[in-house]
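Chemist: Please put together the full structure from these sequences, using the hints given.
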Amino acid sequence: MPFFIKSKRKQSKSKTKNQRPQVSLSGEPSKRKRKKLRLQNEEIESESEIESDDGNRKADVVTSSDEEETAQEKKLRLAKEYLSNLEQEEADKREEDEIHRDIISHRLKQDLLEQSGKLQKLVADEYEEPSLDDLIVLRGHQLSVTCTVISPDKRHVFSGSKDCSIIKWDAVGGRRLHTIQGGRKGTEDTHTGHTDHVLCLAMSSDGKFLASGGRNKFVLLWNPDTCQLLHKFTGHRDAISGLAFRIGSHQLFSASHDRSVKIWNVDELAYIETLFGHSDAITGIDSLFRDRAITSGGRDASIRIWKVVEESQLVFNGDPGSIDCIAFINESNFVSGSDNNSLSVWSLMKKKPLVTVRNAHQGHDQNGNSSPRTNWITAVAALHNTDLLASAGSKDGCIKLWKTSKNYTVLQPLFSIPMVGFVNSLVFSVDGQTLVAGIGQEHKLGRWWRIKEAKNGTRIIKLKKKEA
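Residue numbers (this note's numbering): 17 to 484.
The set of hints was computed from the structure by calculation and includes no laboratory data.
Straight-line C-alpha distance at most 30 Å; calculated BS3-like pairs for lysine-lysine:
(1) K201 - K248
(2) K323 - K278
(3) K224 - K125
(4) K224 - K170
(5) K416 - K137
(6) K170 - K481
(7) K323 - K125
(8) K96 - K109
(9) K201 - K468
(10) K367 - K323
(11) K170 - K419
(12) K366 - K278
(13) K224 - K137
(14) K416 - K480
(15) K233 - K248
(16) K278 - K224
(17) K224 - K480
(18) K416 - K481
(19) K137 - K125
(20) K366 - K137
(21) K201 - K471
(22) K468 - K416
(23) K323 - K248
(24) K416 - K478
(25) K278 - K368
(26) K368 - K419
(27) K478 - K468
(28) K419 - K367
(29) K471 - K416
(30) K422 - K482
(31) K482 - K416
(32) K471 - K481
(33) K137 - K368
(34) K482 - K137
(35) K233 - K278
(36) K422 - K480
(37) K248 - K170
(38) K137 - K480
The structure presented is a predicted model; accordingly, all values stated were derived computationally and were not measured.
Modeler: If you want it as structure tokens, here you go:
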């Protein structure tokens with residue numbers, strides 16, 4: 017039994033050695049072959065994985081080098097941005113400097129044009145007719161208000177009257193702040209203030225001094241803050257009809273019915289000189305930046321510009337009649353009003369008016385007939401270096417605003433502001449937002465007519481511009 021088993025094992029071994037690999041009839045590899053191929057494929061895949069890992073390592077190296085380059089580029093970019101920002105800041109600074117230079121240059125050019133009398137701002141068309149809400153009424157004088165002035169900061173208004181008093185007003189609230197009482201005639205040596213009609217007021221451009229004049233023949237200098245008397249200038253032989261400070265200085269001009277103009281140094285409280293030339297009582301005076309003054313000569317029908325430094329004068333002759341009021345528009349042009357109801361604009365370059373409006377303020381006589389002479393022009397005002405003017409027509413109680421053309425050869429009416437009474441004074445604020453008028457029952461120089469229904473006082477008119 018064991019023998020057969022042994023032989024059987026040997027036979028199977030030999031049989032295995034001599035046996036050929038079996039191939040399936042379908043041509044596919046056998047199971048063993050497939051297993052071997054699978055092992056080989058696994059080896060190939062593992063090698064490819066190793067290769068891919070090596071490739072990934074190489075890619076990681078490349079990527080890290082790229083990241084290092086990007087950091088360097090970022091530093092370079094930031095540096096460039098920093099330099100660009102510096103350049104932009106410098107450019108902006110240069111642009112701002114250029115803007116500042118342009119602003120300064122424009123301001124200097126405006127100042128030069130203003131001082132040379134060639135500046136003209138066209139603002140008249142921007143204004144609209146005021147309403148009753150734009151009017152502030154200041155009442156405190158017993159008799160007709162003859163003169164008014166507004167402070168440079170527009171906070172205060174001063175008014176003078178035939179009752180010999182001067183009142184300081186709050187221009188915003190309309191309250192009376194102080195009253196400089198008038199005195200009786202003959203008490204000039206003991207009374208601090210005027211003892212006769214106050215006819216004119218003027219304030220320096222810095223608001224430090226207030227000057228007043230009237231029929232008592234002397235000029236009083238006041239502190240406008242405290243209303244204390246600082247000095248009394250004497251020398252005129254008749255009523256003081258006009259006062260004007262030179263803008264930007266404390267040089268004071270005074271005009272009188274004695275036909276003379278006197279110049280005073282307010283800082284030194286000293287008299288400088290007297291100017292002669294008019295052949296009749298001087299009715300008005302004005303001054304701007306230059307060392308000059310302009311006066312209207314009343315019945316001598318002349319206007320004179322006094323060149324103080326050159327010691328000469330320019331003479332302009334108007335129509336027959338009385339030139340009652342005068343005002344500078346700029347250093348080269350001025351406006352005048354006459355008792356023949358004509359309003360004229362003049363130039364230094366011509367002896368005759370550039371334009372004259374006849375019958376500027378229509379009037380009527382007692383029979384209701386048109387009578388231009390009954391409403392002579394009693395006050396004129398100009399917003400300096402602009403095309404805006406104002407005039408008042410005596411007892412017609414009407415304030416008219418006018419627009420001048422660019423070359424001052426045309427006068428066009430803008431609108432009228434009705435008042436009841438004699439308009440004896442007109443003055444614009446520096447910025448053109450306010451017009452102050454002095455109203456009375458009588459004319460400031462006489463009692464030719466009397467309007468009983470009129471209320472003596474001061475009117476503050478707020479001038480508004482049209483909405484854009």
